[in-house]
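With the hints as your guide, set chain B onto chain A.
What follows is each chain in one-letter form.
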Amino acid sequence: MASLITCPHCGTRPKEEFAVRGDATPLRPDPAASDEAWADYVFVRANPRGRTFEHWQHVAGCRRFLVVERDTVTHEVYSVTDGAAFSRGRMA
Amino acid sequence: MRYSALSILRNAFKGNLGWTPAWRQPEPKPHYDVIIVGGGGHGLSTAYYLAKEFGVRNIAVLEKGYLGSGNVGRNTTIVRSNYLLPGNEPFYEFSLKLWEGLEQDLNYNVMLSQRGIINLYHSDGQRDDYLRRGNAMWMEGVAAENLTRAQLKSMLPFLNFDHARYPILGGLLQKRAGTARHDAVAWGYARGADRHGVDIIQHCEVTGIRRENGVVTGVETSKGFIGCGKLALAAAGNTSVVGEMAGLKLPIESHVLQAFVTEGIKPAIHHVITYGGGHFYISQSDKGGLVFGAEIDGFTSYAQRGNLATAEHVMEEGVTMIPGLSRVRVLRAWGGVMDMSMDGSPIIDRTPIDNLYLNCGWCYGGFKATPASGFCFAHLIAKNDPHPVARALRLDRFERGYEIDEHGAGPQPNLH
Chain A
1 MASLITCPHC GTRPKEEFAV RGDATPLRPD PAASDEAWAD YVFVRANPRG
51 RTFEHWQHVA GCRRFLVVER DTVTHEVYSV TDGAAFSRGR MA
Chain B
93 MRYSALSILR NAFKGNLGWT PAWRQPEPKP HYDVIIVGGG GHGLSTAYYL
143 AKEFGVRNIA VLEKGYLGSG NVGRNTTIVR SNYLLPGNEP FYEFSLKLWE
193 GLEQDLNYNV MLSQRGIINL YHSDGQRDDY LRRGNAMWME GVAAENLTRA
243 QLKSMLPFLN FDHARYPILG GLLQKRAGTA RHDAVAWGYA RGADRHGVDI
293 IQHCEVTGIR RENGVVTGVE TSKGFIGCGK LALAAAGNTS VVGEMAGLKL
343 PIESHVLQAF VTEGIKPAIH HVITYGGGHF YISQSDKGGL VFGAEIDGFT
393 SYAQRGNLAT AEHVMEEGVT MIPGLSRVRV LRAWGGVMDM SMDGSPIIDR
443 TPIDNLYLNC GWCYGGFKAT PASGFCFAHL IAKNDPHPVA RALRLDRFER
493 GYEIDEHGAG PQPNLH
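So the protein lines, in turn, are chains A and B.
Last residue of the first sequence: 92 in the working numbering, with the numbers rising by one and none dropped.
Last residue of the second sequence: 508 in the working numbering, with the numbers rising by one and none dropped.
In isolation and in its complexed conformation, chain A is listed as follows:
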């Protein structure tokens, strides 16, 4: 795993300052969505061997949730986006 994560708010920081929540790609379904859609959201993961998007929280910094785009084999980090900006980008 790359040792440094560039937080959009705090700059380049050691990755030990961050806590990993998990996969950022599932979209939260509508509250009235089917049980199947909710089960997919809660339990099913694409788990790609390669490029992935994850929620990382900068717990020892700005405490913002970020979306880290990285490779699960090489551990290369491609981008780090603020979580809210990432969500707005997906809604648009």
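These are calculated hints, taken from the structure and not from any lab test.
A hint or two may mislead.
Unchecked claim - Residues from chain A shown here face chain B by an in silico Cβ test under 7 Å; the list is partial:
no., residue
1, Phe43
2, Val44
3, Asn47
Idealized CB from N, CA, C, for every residue including glycine.
The following block gives chain B in isolation, referenced to the frame of chain A:
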């Protein structure tokens, strides 16, 4: 060749030139009744029991690397059945019983050492929790014992009993638990399966799963197309990758778990000891090295290597529990890719595709399950019906609300 004391003597007098390979290196046939993807412990034991117990012939095990290159050769060799929940405990106890007869069954020395596992507890709440687990074990007919602080002090004087944050108040002991030599488990099952006619094909990576009319007809591999009647997946950390070839949606994330071994020292640690203030576990190998590990690294990974921050954390936990460890040098560290499920428990089940069977989700507890996993998976493949002790390990338990969440951590694989 059957191994015995006599065969060792006879070969010793002949300069050890008479030994033959323990298994063949066959080329794949065009078609098998059952193909097992993954030549790790679970894949090999599945093949062994399919052939031996369920009379299935014409089986192939496809392994992309060499035997023992995956998690079966990367774990910390602990064997135990000290689980809490009714969906798990009978399964792991069945496994431990198979372990106890494994060497005779396989005619192979897996060096099972039932040295006992001690789970240390550090608070009143944790003691109650562990005793509850001990009682749950008794209800399934498995012995568990509470060790008091005074007992532990005479048994394990090297522990840090008076740590300010995590004083050791006692421990839960399962005497029948222990360790086994993990390479020997892979080799023993491979040899046993081979003797029953199973083709073990190494360096044969599955690249696709061919389906016609909703059923699997075979697999594309690096050695060409191989047809099959039934396909069984036991691909551990790469389950999602292989599953996707058949369009499966799985409750699995792949995470890396590290393990460590120190230089060899004189016999010092006679049990498997786990630390209740974290997830640290340690035992001493027969060569004298201390073998230990702790948590997964926390982010999804398909790389068989971990990162230093976790290594440091593991060492800190170890030294907190056993201060003397700080004087021992670590020789090697390595990582394995775990198929973490969403409730921390495994899956042995059919899939939405009729002749495709799935064995995955072992998180970081797959080694102890190797015999029962193979036996129950073989039962399922041969009879199309789950083995009684593996009935709860269903793929659809998540959406139906029957998760088996030992730790109560919720659908968050990096917390199990």
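Going through the hints against the structure:
{"no.": "1", "hint": "Phe43", "verdict": "4 Å, holds"}
{"no.": "2", "hint": "Val44", "verdict": "5 Å, holds"}
{"no.": "3", "hint": "Asn47", "verdict": "4 Å, holds"}
Of the numbered hints given earlier, the model fails none.
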